[in-house]
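Peer 1: This is what each chain is made of:
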Amino acid sequence: MPSPAVLAQLRKIVGLDALLDRPEDLMLYEYDGGVRKCTPAAVVFPQETRQVAQIMKLAGSAGFPIVARGAGTGLSGGAIAPEGGVVIAFARMNRILEVDAGNMRAVVQPGVVNQQLSDSVAHLGLYFAPDPSSQKACTIGGNVAENSGGPHTLAYGVTVNHVTGLTVVMPSGEILRFGGKAAECTGYDLTGFLVGSEGTIGIVTEITVRLLRRPENIATLLGIFETIDDGAKTVSAITAAGITPAALEMLDGWTLRAVEAACHAGYPLDAGAVLLIELEGLAEQVEEQAEAVREVCFQQKAREVRRAKDENERGLLWKGRKNAFAALGRLAPSYYSQDGVVPRTKIPAVLQFIEGISQKYGLRIGNIFHAGDGNLHPLILFDPRDPHQLELVQAAGAEILERCVEMGGSITGEHGVGLEKRNLMPLLFTDDDLDVMLSLHNAFNAAAVLNPGKLFPTTRMCRETSGPSTNPVLQAEGM
Amino acid sequence: VSAPGVSLDVARELRSICGHDNVAERPVGGVYVCPGSTEEVAEVLTFANEHHLSIGPAGGSTERSAAELRTDIVLHTNRLTEVEHYDHGDLTVGIGAGATVAQLNLMVGADRLLFAGDPPMPDRCTVGGLLATAVYGPLRHGYGAVRDYCIGVRFVTGDGRRGKGGGRVVKNVAGYDLMKLLIGSYGTLAVITSASFKLFPSPRQTKTFLAEFATANEALQFRDRILRSPLSPVCLELVSPGARKLMRPEMTSDTWVMCVRAAGSDAVLTRYQKELGSVITRELEGDSEQRMWRAIQNFGYAGDGRDDARAPELIYLSVWPREVPDVVDTLLKQSALSGVDVSLIGRVGVGLLLVRVADKEAGTAAIHKLIVVLERVFGDKITLKLRGAVNPWPIPPTNLASMRAIKQALDPNNTLRGRNIF
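These protein sequence lines map, in sequence, to chains H and U. Note that the first sequence covers residues 175 to 653 in our numbering. Note that the second sequence covers residues 81 to 502 in our numbering.
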């Protein structure tokens with residue numbers, strides 16, 4: 175816990191109006207989009223890179239842990255501070271520093287909201303491709319930390335595929351620049367390494383992103399199926415037909431009814447599942463692919479295939495998809511969102527498995543996910559006020575992820591490991607694998623000043639992350 | 081064989097790990113070893129690390145000849161060719177680092193899939209070599225870099241630890257992205273033993289449109305028009321008059337050529353024709369199209385004979401796209417000043433140029449002068465790599481301290497010193 179003297183020093187760095195330490199203010203920073211909570215000791219709002227470096231140096235010398243935070247929409251607990259930790263919130267570093275349309279780049283501060291960037295370059299016919307469902311709120315700094323995805327990553331890749339340069343404050347307090355606007359870097363690809371390192375290697379204060387040109391034409395189709403199995407089989411049938419849609423999303427019948435009640439997106443209430451399929455590109459190509467996709471859907475027993483007639487209808491279909499998590503909030507006090515991945519041919523089998531888990535634990539599980547790349551989001555509904563339910567939910571979630579890994583998949587496709595899945599890492603990685611990652615962690619963040627307790631398992635590791643052995647988050651949770 | 085200063089029989093030890101027939105003495109001193117599994121690679125590296133012997137990993141020797149490696153041990157990956165996983169429905173594949181790119185493409189091509197890596201000399205270039213050097217071909221324009229479609233990697237660190245990054249699925253953020261760290265690290269951190277990739281559906285048909293221009297500037301204005309259009313060609317290549325003559329010696333014209341390769345149905349190709357307009361002078365399909373792209377893919381490599389002291393120097397330049405005209409102009413002026421023949425091709429849509437300096441002997445001094453000028457004029461607007469050099473980055477990386485920290489974490493004894501980058 176930083177002493178009053180340290181808090182005074184922090185105020186001196188960021189300004190009197192840029193530090194919060196009253197309990198009622200800190201409550202707002204004790205959670206993210208996941209299920210874990212911990213109240214930080216203070217929240218600071220730097221306005222420039224230099225201040226972040228000064229905070230980092232102070233943390234090193236005074237010995238308090240720090241964690242960077244964007245909008246707090248993360249789903250893995252990545253932005254939760256350890257007890258006694260200080261949150262560096264990037265709400266005031268939210269400027270688009272440069273739009274360089276000629277080189278198809280933009281340079282932004284980490285607090286810029288994802289959607290805002292695309293909106294601000296729309297008049298140039300450009301956009302930023304990663305589009306997490308939380309894109310109206312989540313920040314690009316957070317996207318970089320978690321290597322976020324979104325529906326359109328099927329065709330365009332995740333955040334790391336769209337970042338070419340970073341300014342980073344290292345745990346030593348040094349300010350470094352990795353990469354730049356050029357497509358290729360000199361030396362090791364430190365930019366690529368930093369993206370997705372969940373704030374455990376350095377704090378990013380400037381990001382150079384790649385912008386893409388908006389496609390000439392977009393077709394949004396809704397494939398309606400009687401059973402979830404038919405919908406699931408259609409996913410790999412579409413890619414087998416040589417078509418890579420820009421997005422290929424699936425909602426099961428139960429979820430889409432909940433979504434429809436909340437969003438009135440125009441989803442059919444009696445379907446077993448729907449596929450939301452988006453095709454982008456040249457007009458000729460989009461028309462041909464739309465026809466081919468319709469054919470595939472009907473071959474796979476689709477009841478109906480609808481096509482959005484205009485931008486308004488398209489917007490409605492996507493509104494349903496992107497607000498689905500929130501819509502389920504109407505049905506239960508809370509939900510636990512999973513992020514497992516399976517090879518896409520295994521989607522039918524894993525959905526059957528999830529149904530079995532739902533019955534085994536007596537928990538309601540909705541499925542709404544990025545089917546095209548096999549990235550599942552089973553949403554397990556529960557009441558967090560009942561500790562027994564939370565235990566059941568976590569057990570059910572772990573069982574689903576274990577099955578994903580057995581099928582050749584992963585425990586997280588886009589949400590990150592964070593606090594939530596750190597102890598599932600040994601499902602994917604051996605002690606040796608983790609030891610290699612740990613040696614890289616310790617090459618930069620040996621004292622674990624930066625975001626301690628994240629990403630690495632607290633169990634079954636031959637070595638613990640070095641640094642302060644008192645990690646209150648771990649102790650409090652008995653993990 | 082005893083490595084200098086080491087009083088033990090290196091070859092005998094390596095034979096006990098990899099089998100008698102998989103170790104050979106090198107005429108220049110030291111040994112070749114060909115491990116057959118990741119376990120054997122780990123044992124070899126552990127042994128070398130413990131005894132402070134140096135190792136240089138080698139694949140198909142397309143970028144730098146194994147014969148040029150001055151390490152105690154040259155570790156060949158040629159026996160690491162096992163297919164780890166392949167289901168065409170998943171559009172992913174995992175394969176040993178020693179498989180060649182041509183072998184990989186043959187396998188997935190049978191299912192009408194495409195591996196987007198198209199390095200020079202694909203029948204020799206290995207998957208491991210492709211990753212270690214981050215080399216690319218003309219498909220780089222439409223499909224991105226190998227960092228964009230490599231989804232997993234298995235490796236052994238310089239100090240002999242087995243490691244893994246990513247996995248088998250196209251979307252995966254569990255753990256550090258070690259693919260990014262190893263891609264383009266020139267085997268200085270770890271020996272890659274296998275990797276997984278995302279595959280793409282093969283285009284059913286393609287067509288290439290050629291447009292000729294008197295100057296590079298006019299050609300690049302045409303590039304800008306394409307980049308602003310709704311077209312998204314799979315390749316977009318600029319070929320200088322000199323490069324064209326190298327690839328087609330019978331050609332006499334002095335024009336700059338823009339090559340636009342489109343994929344799609346008849347309707348899509350007709351649309352390209354319409355959008356590109358009257359500036360198109362030729363259209364290529366089938367064998368002649370394949371031949372042309374193969375020549376571009378192998379530019380600066382095929383027939384150059386890497387062991388020949390007079391082999392050309394090749395610079396891989398990455399330039400801010402808008403700066404390409406000025407960079408080309410500078411290259412031509414410097415070429416005229418120094419009298420050294422410079423020819424170039426490039427994926428100019430994303431700002432990548434391959435610059436060939438004709439004569440290595442006459443060229444070495446000239447090339448370094450060229451690099452100095454480029455650095456002075458363009459600063460951080462360019463990055464560059466020198467093919468086959470002991471240090472591929474003649475302009476030193478600005479983050480050497482961070483690179484050293486990573487090197488120290490994975491290869492503390494500098495066992496992997498086939499290249500000298502620090």
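Since the hints were made in silico from the structure, they are not lab data. Just to be clear, a hint being listed does not mean it is correct.
Here's a subset of chain H near chain U, in silico, CB distances under 7 Å, partners left out [as the list claims (entries may be wrong)]:
1) 275
2) 276
3) 277
4) 287
5) 331
6) 355
7) 356
8) 456
9) 460
10) 519
11) 584
12) 613
Here a beta-carbon is modelled for each residue, glycine too, at the ideal position from N, C-alpha and C.
Peer 1: Look at each hint and say if it fits the structure.
Peer 2: Hints, one by one, checked against the model:
1. 275: violated (9 Å)
2. 276: At about 4 Å, which falls below the 7 Å cut-off, the nearest Cβ of chain U leaves the hint on residue 276 of chain H intact, so it holds.
3. 277: holds (5 Å)
4. 287: violated (21 Å)
5. 331: holds (6 Å)
6. 355: holds (5 Å)
7. 356: holds (4 Å)
8. 456: Holds - the Cβ of residue 456 of chain H comes within 7 Å of chain U, reaching about 6 Å at its closest.
9. 460: Result: violated, 10 Å to nearest chain U Cβ.
10. 519: holds (4 Å)
11. 584: holds (4 Å)
12. 613: holds (4 Å)
Checked against the numbered hints given earlier, the structure breaks hints 1, 4 and 9 and satisfies all the rest.
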